[in-house]
Amino acid sequence: MEMSDGLKREVEELIYRDATLLDRRAWDDWIALFTEDAVFWAPAWASEEETTDDPETQLNLLYLRNRGHIEDRIFRIESRDSYASVPLERTVHVIGNVLVDTVNGEEVSAFANALIHSYSRKGGQTRASLYDYVLRQTGDGLRIARKKVTFIDERLEGPVDVYHL
Amino acid sequence: MDGNPIERDFSALVDDRPEERSFRVDRSVYSDPAVYDAEMTCIFESGWVYLCHESQVEKEGDYYATEIGRQPVFVSRQKDGGLKCFINACSHRAAILTPFKRGNARVMTCRFHGWAYNCDGRCVRIKGEDEGFPQDGFDRAQFNLTEVKTVASYRGFVFASLNPGVETLEDYLDAAKTFIDLLVDQSPAGLEVVRGYSTYTIRGNWKMQLENAVDGYHVSTVHRVFAATVGAREARDSSSGMARTEGGRITGKVATGGYDLGRGHMMIWATHTTPEVRPIWGQKERFEKEFPPAKVKWILERGRNLAVFPNVMIMDNPSTQIRKVKPLGPDRFEVTVYCIAPKGEPAEARAARLRKFEDFYLTSGMATSDDVAALEDTYDGGMATTARWNEFGRGYATMIEGPDEDAAAIGCAARTSMRNWDFETLYHGFYRRWRTLMAAGRND
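Going line by line, the protein sequences match chains A and B. Numbering (my numbering) for the first sequence: 266 to 430. Numbering (my numbering) for the second sequence: 1036 to 1479.
It should be emphasised that the hints constitute simulated quantities derived from the structure, not laboratory data. A few of these clues could be false.
To be verified - Now the stretches of chain A that chain B is said to cover, found in silico as 3 or more residues with beta-carbon under 8 Å:
#1 303 to 309
#2 335 to 344
#3 387 to 396
#4 410 to 421
Where a beta carbon is used, it is the ideal one built from N, C-alpha and C, also for glycine.
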């Protein structure tokens, strides 16, 4: 792959699609955006200024190490047996600042920001994330090989699931 | 302790009728602001509270900022290796002294007006001292930090009290010590808090968190989805050994139990169907050489949740956790969770411990998140004061006075024992202690 306007548009569309499918609860289509070996990682905070930086040896909010682990989270939501997931909260992600960073063979890295508004019967709240993506060109098109979420909020109000991040 | 006598008698909020094997608690204990204020005075600011783990303040000048009840404090590691605790407010105009929750400062300089304190609390600099206090005999020592002198560590767990007349920490920890020992004894090199933490708030009352931590009864309903999810995962993938999840204890088909440990402390346990997935399993042979069989069985084969009155829980399951509670009012509390682990454990065991922690123990995980939602619902339901009582009677008929044979086998002086973690008699000790402290504070 080479950096091009076409690639940039493709990257943006995939990142928008990631957020849109989550907000619309199109779980199967959302999961299909990830490669089988995809890593979905949200580090924990380690101080006021730093997150953890080695997911293997330190604590994470979420460290899903393949697409199956992502499917587990959806299995739990769809079971309707998770107290925190019934009723399901509503969310809207607004994505901005999409920036294609580097192209390396079949992979492209990109940054984006998200403002995420969620609503439950306890009320609404708006939180924010920094996204670091690695996207990979596959036979099925561009897919998410790695999504790192730096969840800006540290003191979490209520449960946090994949669709809140 | 604040000089305001608590006028009300809260004793009637605990309906304790042993002769009828009945134990109920008035739901207003979870929501009444007057109860909360009295708890802050009579419990949090009169007795021992947990502050931090020693590994979080390892080197000279390391500090950890926290609270005792409503009052900000910080713990500081001294030159001689000891620990001191101070009110976290500049002697001048009360600005919080610690810029971070945790850090290192051999000299703590107030960022407001520049007054500075050694980590032993001595005031060592006042900006413009000669001009501001030119009088003869001015003694800067009058501005030394206010020390919380009653601070002590039990096997690495640091507690303090604002009450200089409080009993010793060892007396206070009572039979809870047995279960702290079972965790600490696993690691000759000591334990450490792993890097990273999670903090979350719950719209409920702080006592609900302690109740939940030792409530075995909810596990087979609230957490069956956890067992189903990880069960499906393991049926699908090739994880083996420590990477697998101990789900057997969630099904409700294993031997379980629990204890009233005295002074409000409580614990529950459940047998593991797959003890070999515990990160500590690799130490089995060493344990068998060093410890009697009953102790090895307790360490390796039983998951344990310990609630230490009033503000910390120590979990020793396939993963290991310190869960600290900070009340924020009758209707809200903050929880901070840490993974605690043996220093120097093999990388594979550490990774397994962390992954199990993330699976279960976080509000972004697949179990604690469900607990949080359930607690918030019980708080909301508790507003229905026309249905006045919370029921804690299950298991009263089969409750054993004193330690059962499993507790006795490791010298644990449990006050009462229950042979099923679905039972609720362990809470009687918690609420009797609560009632005693709330009444004692009344006469201050």
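### Task
Would you list, in rising numerical order, the hints stated earlier that this structure does not obey?
Violated: hint 3 alone.
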